[in-house]
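K.L.:
With the sequences and hints as input, model every part of the structure.
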Amino acid sequence: MNAEATVWGPYPNYDDIARFQYGRMMWRLPEMRQRMLAHWLDERHPYRERFSERRPLIEAVLESTESPVELDARLRDRGTSLRCVAREIPPVFGSFF
Numbered sequence: 041m042n043a044e045a046t047v048w049g050p051y052p053n054y055d056d057i058a059r060f061q062y063g064r065m066m067w068r069l070p071e072m073r074q075r076m077l078a079h080w081l082d083e084r085h086p087y088r089e090r091f092s093e094r095r096p097l098i099e100a101v102l103e104s105t106e107s108p109v110e111l112d113a114r115l116r117d118r119g120t121s122l123r124c125v126a127r128e129i130p131p132v133f134g135s136f137f
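Under my numbering, read the sequence shown as residues 41 to 137, first letter to last.
Derived from the structure by calculation, the hints contain no laboratory data.
Please note that a few of the clues may not be correct.
Label-pair distances were calculated between CB atoms; the ranges are [what the hints assert, rightly or not]:
1) Glu44 with Ser92: 25 to 33 Å
2) Arg114 with Glu93: 17 to 25 Å
3) Ser92 with Met72: 18 to 26 Å
4) Ala45 with Gln74: 32 to 40 Å
5) Gly49 with Ser135: 33 to 41 Å
Note that the Cβ used here is the ideal one computed from N, Cα and C, for glycine as well.
P.N.:
Listed below in structure tokens is the structure:
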């Protein structure tokens with residue numbers, strides 16, 4: 041098993057991986073970052089409260105330039121994992137995006 045496969049485990053959730061990978065790409069674009077934040081903090085977003093509770097951690101993961109393996113190791117030192125945090129990145133959907 042390669043190193044990155046150990047991050048996502050034997051049964052990877054490809055929706056979570058996509059939210060992580062595309063979230064990171066979009067986060068690097070200031071306009072898109074503002075749009076995502078406005079969307080996730082909109083009162084119509086069903087995960088708004090959950091995002092607000094975990095916002096610092098989610099933003100740190102999206103801002104990180106570390107490889108998934110390095111990021112996962114750092115998160116595990118803090119008692120979580122990249123797999124867990126990726127699951128907390130809210131989806132982008134709806135007509136209000």
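K.L.:
Could you run down the list of hints and mark each one as holding or not?
P.N.:
Hints versus structure:
Range check, Glu44 to Ser92: Cβ separation about 30 Å, and the 25 to 33 Å hint holds. Taken as a hint, the range 17 to 25 Å holds for the pair Arg114 and Glu93, whose Cβ atoms sit roughly 20 Å apart. A hinted range of 18 to 26 Å for the beta carbons of Ser92 and Met72 is consistent with their spacing of about 20 Å. Between Ala45 and Gln74 the beta carbon distance is about 34 Å. The supplied range of 32 to 40 Å therefore holds.
For Gly49 and Ser135, the hinted distance range of 33 to 41 Å is satisfied, since their beta carbons lie about 34 Å from each other.
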